[in-house]
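Residue numbers for the sequence shown follow the numbering used here, so the first one is 1 and each next one is one higher.
Because the hints were derived from the structure by calculation, they are not lab data. Because the structure is a prediction, the values reported are computed rather than measured. Where a beta carbon is used, it is the ideal one built from N, C-alpha and C, also for glycine. Each statement offered as a hint is correct.
The calculated EDC-like cross-link candidates involving lysine to aspartate or glutamate, where the alpha carbons are at most 16 Å apart (straight line), are:
1) LYS6 <-> ASP26
2) LYS6 <-> GLU33
3) LYS7 <-> ASP24
4) LYS78 <-> GLU108
5) LYS99 <-> GLU112
6) LYS78 <-> GLU95
7) LYS6 <-> ASP24
8) LYS7 <-> ASP26
9) LYS7 <-> GLU33
10) LYS113 <-> GLU87
Cβ pair distances, simulated, as ranges:
11) GLU33 <-> ARG12: 15 to 21 Å
12) GLU33 <-> LEU53: 19 to 25 Å
13) HIS20 <-> PRO100: 39 to 45 Å
14) PHE127 <-> VAL43: 36 to 42 Å
15) ALA10 <-> GLN116: 39 to 45 Å
16) PRO50 <-> LEU29: 20 to 26 Å
17) VAL25 <-> VAL152: 17 to 23 Å
18) ASP24 <-> GLY75: 19 to 25 Å
19) GLN140 <-> VAL43: 49 to 55 Å
20) TYR150 <-> GLU114: 21 to 27 Å
21) VAL43 <-> GLU112: 49 to 55 Å
22) TYR150 <-> LYS7: 21 to 27 Å
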Amino acid sequence: MPCYDKKLEASRPDFFNQEHQTRDVDCVLTTGEVFRLLEEEDVSLPDLEPAPLDSLCSGASAEEPTSHRGGGSGGYLKHVFRHAARELFGIHVAEVTYKPLRNKDFQEVTLEKEGQVLLHFAMAYGFRNIQNLVKDFFAQQQRLTPDKIYHVTVMPLLLLVGHPSA
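Can you build the whole structure from these sequences, using the hints too?
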């Protein structure tokens, strides 16, 4: 995990499972910490012998959403949107096009058929947009329903995995 926020999240008491007396996450190492560990042990990655990667999804069927096309933040949301459209409504979505709501960091995408909204997904990045989303959500007395997905993070829209955090 390259993000220091994950360290804070892992230490929160609400991520402690009382029944099993364990945390959801045991240890979080940032990329900077991994780099320092490698330096301390005098390990050079280019000098290591290649090894096959473990499969994290060996028990998953081909139909389960185990990966996405990649990209910046929101890539998994696109994958879930396409998967839901295909599985729930038999609709193949080739291109997912987001519509900005208030700004580029607050966007939505909908799946419509004959004027009816079948799926409604939204992305909100940054504290201000998250606050606005929550405020609007409660002001409209909305409920979470299976046709609405909200992707919310304080990280920037174009965040890529492996961003600098040293």
